[in-house]
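Residue numbers (the numbering used here), protein chains in the order written: chain D, 1 to 332; chain G, 1001 to 1353; chain C, 2001 to 2548.
None of these hints come from the bench; they were simulated from the model.
Beta carbons: idealized from backbone N, C-alpha and C, even for Gly.
Accuracy of the hints is not assured; some may be wrong.
Stated by the list, open to error - If the Cβ cut is set under 8 Å, some of the chain C residues that face chain G in the computed set are:
1) Thr2102
2) Val2104
3) Gly2453
4) Pro2455
So the chains spell out like this:
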Amino acid sequence: MTFRTTRRAALAGIGALAAAPRALAQGASQAVLYTSNPAQAVEVVMDVAAKSMAGTKISTVTGGSGQLLRRMEAEAARPQADVFWTSSANTLGQFKQLFEPYRPAGLSAMPAALHHPQDLWAPANQHICVLMVNTKQLGGLPAPRTYADILHPRFKGKLIIADPANSSTAYTILWGIERMLGADGLKALAQNIRVTASAPTVFRSVGQGEFPVGLTFESNAYTYVAGGQKEISLVYPEDGTFTTTEFYSLVKGAPNPVAAKRLCDLFASKELQTALLETAFRRPTRSDIEVGKYVQLPEMSKVKVFATDEEDAAAQRTAFLARWAALVAAAN
Amino acid sequence: MRIGIEDLAVAYDARRVIDGLSVAIEPGSVFTLLGPSGCGKTTLLRAIAGFVPVAAGRILFGERDVARLPAHRRNIGMVFQDYALFPDKTVFDNVAYGLRARDVPEAEVRARVGEALGRVGLGALADRVPAALSGGQRQRVALVRALVIRPDVLLMDEPLSNLDTKLRHQVRETIGELQREAGITTLFVTHDQEEALAMSDRIAVMNAGRFEQVGTPAEIYRTPCSAYVADFIGAANIVDATIASACDAGALATAEIRGGRVAARCPRALPAGAVRLVLRPEDISLAPAGGGDGLDGRIARRQYLGSRTSYAVELEGGLRLSVDRAGEGHDRFAIGDAVALLLDPARCLAIAP
Amino acid sequence: MRQELRSVWFWISLAVLALLCVFLVYPVARIFLASLGGPSGAGSGWSIIASDIRYQRAIANTLLLGGAVTAVSLAIGVPLAYLTARHDYPGKSVVSILPLVTLVTPEVIVAQTWLMMLGNNGLLRRWLLEAGLELPSFYGWFGLVTSMSFIYYTYAYIGTLAAIRGFDAQLEEAARSLGASPLRARMQVMVPVVLPAILASALLVFTLVVGNFALSMILGGGIDLLSVKTYQAAVSETSSNPVLQSTLASVSISIVMSMLFIQRWIVSRGRFEVVQGRGAAPTRLGGFGAIALASAAGIVVAISLLPIASVVAGAFTLSRGPVMRWGQWTTANLERVLSRSPEPLWNTLTYAGAATAIAILLSAIIGYLVVRRRNPVTPLIDYVTALPLALSGTALGIGLIHAFNVGWLPLTGTAAIIVLAYVVRRLPFGLRSASSTLYNIPRSIEEASISLGVPPGRTFLKVVLPLMVPALAAAAVLTWTTTVAELSASIIVYSGGRETIPIQVFKLIEGGLMAQASAYGLVLVAVILVPIVVATRVFRIDLFSSRA
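Please model the entire structure based on the sequences and the hints provided.
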């Protein structure tokens, strides 16, 4: 008999536990953040929000930006997300109908060039594309200094990048390379490179030594350097590299509009942007933050940037993805 | 309460294993179903209990036809071969189970259970669980559990088969006493003929789903109606014979067997021709050869069994008969001795082949 | 038939069958049907597979991996079982906890451990490097075969151990008396009798490898594997092709079903009736043999325990981002898990708790129906409940997503679909426990209760169920243990905010945040261990009595 009563008590306890968190959640306000950013960056947001938006529970759904956007499309009749963070404009452009215009406080501190004409989205941070190199895994290979370097056949199988259909990071890089080095350059790259479905795998595998060279954002790569892994180095390709701005947006028909707007304001705040720089190594979009004060990353002005037209990239996304898929298939 | 079955039929997979069976059991009596495995006795018992569906016919408890009632509504008491005590409940709770199921007030439950357990000497064990009891104790608990609810009929499915011989006798006694005290109509299933003879008011010897013979123990033993019955109850010499002329019921006939002639009684009328003789070993006497009476034979085998001596006697013509003699001394005859077999015609039965 | 219709159990059987059809048969059927191609005219998934060599490679690799791991697992497990059954050696009692350790350690944590120890940045690898020894890369075949073998050998060990223990030593003695040398006697007489058990274990291991998710994903490296490709088809939606997902899931199911058929066929062919005999008494080993064996066994056990040790160490290790500072300790990781982001913990507890309760209850009822109340419907129920055995978690996840995405019963996005996935996966096990304990409860006990006036329904509740409780409790604990660690199905069906601990650990490993992953992992191990300890110590439940 003790048996049964104890089990029943346990089950009752579990039932109570089941009710409890939901009850707690219902009391406070909440905001749902869909984000493609890695755990590091998301942690920072949570930390800052815990102080600035105390009383609001932020819950996150993570995934590749392509995947999340498709999901938001499926949910359009009854949106589950409040805020989407982030993607390049080239990706967001294809999903305009999902977002609602909002002008966050703090937008004025950002360069006008980054504003969206209808405030459909706002700039969250800026990225520079780098080559993340694990010098111990290079073997006899010379450390690459340019994008042209890695097109060489000796780098076959030594490069890794995420699938551009899912990752706007990868899309930015590949689009840029095609613009800069032409269709032949892209083809040569496809011969050498390994495409992985999940974006975090890129910097994780370079960090863990599975690949010598990964094509990713500086912010992702730098976490390993900052963590003290000496064999990781960042290479800013000397023939020019690509920058992209990440945008975030208020979801149309968000279930928690008040909290959502506050979260949008938070992304534009000096506090969060500084924290993101310090802890997640993401370049702020606000002009009033000096990068060098917080991290050992080169100033934007010192990096050779190859400019690309983000709108063009957005418009030609489908065609580009098809081209890339064909090149990859041919290479395997 | 009078128990009866009328034209009862039971089927397994569309095949009738019991068909058109009828019998009436007097109130308060013990009616035994006897037979080897597979003869249908357990099936019949379980049909009366309600665990086997009835294809046709009636089952009467008094005036009530229960044939289509589910088992739990028939008000039966059942005792199983493996005792079927609830292992996680105490002896007390086991016995009280049926009473509580009938919503008997707890005070009365305590009284009746206490009395019932005391009656079988198990009052001190009321708080034990079945695992802590011996086989005999368990069966007594099972019996008491079935009786305490005052059922209309007591059904017992080979309740003594799992006990060793000495215990069997003891529990048999207990069953007999309790049954008589309660005056409850009892249906008893067994394959052990000694049990059947000892416990029953009437016995039904069953064969392939039919009653081969129904009667009192004495009737079954003394006047078996067929070789099957004769062979099943007690040991029997069954001998092929012929009678020259038809014989009336109860009359004597002269039967020819290999090795001689024998006077036999016909319990039922028989036409001339082939018959079977049933001779119980203890009904044949032996005398030293040469007296003129009886059949001539020779001792072929002798076994001393303590209370009796068992001989195999070979007649002229090769027929062997089994003869049991008690109280005559174990070495009265030796192997090879010539003897004369003396048969009492009243004890020698002629039955249909 | 009229009799049947009147019985309440018949209606219950129908209800159960309906339930199973909706939640089990329907998703699986959809998988197979969907693989044939959609109304949009997109070609059948099979033609995609046939044309793309990567998928064919994935299937071939998977089969090859299955074979390799099975071979190694048998090579470790069978001798170990033989030694443990037949000999006493120092440390034998330590070896006997092996099944428990395997049970307690979720695969995702094992993957993490191997990474932390022998990954390119791993602790052990760096030590060895400093000592001058460079190991080959752990990713890929080396890592997969090693890590999987060191989990799955336990199944070979348990299966073989049971068979050898039950093997009647008299047979061997008979052979010896007829003149065979002891070794020959053993080989000729024992091996054929124990072989079915070894084969059964081998097939089980093969099946587990085919459906393996965590290790394949994390340690697979560049190797195409069926389970990985299936998962990627489900979540990456490169071409948003549900047909492909279904096809890959169908391939996995087909492979497993073939294995099950092969096993049934082998078992039915063998005329080995293992009469439970007197097992041989273990002989004590002495000298070199003993030491060598003890060491070997000890190494195996140590490797099995490594994941838990590393999880404990990693959880308290300081880290800066993805870089772990071994030797520097902190409690920050655990603080984060328990106070800042405890949602995965709550989710795990509630979902697994609900699933365990439902699975055990269903098992009790279905077990009773199938064992005691056979009617025309029960054989169907019997077959249907064997279906989950053929499903890898990934395949099931895909089936559930497609079946309950839209339409009449949308479950995606809810907690219910996660609980459903858990229940379906564990139902066969619970059912087996319930059935085997029911076979040990004689029918006469129920009939006794009925004869005393208690209707059959109440008899089940008052008499049968209480007697099933010990076995059901053991099954509940084991179900809890495996459900809490479930990953491959839940990672496909979960929605944001509903991450369980294994999902969270997986995501953190993907992001390289090993310390945090370890912290969650530690909590997971605790969640698994506590019920086991309570059950075995406080309630004295025998967890492995119903195991083969």
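Exercise. What are the numbers of the hints that this structure violates, sorted from low to high?
Worked result: Violated hints: 1, 2; rest satisfied.
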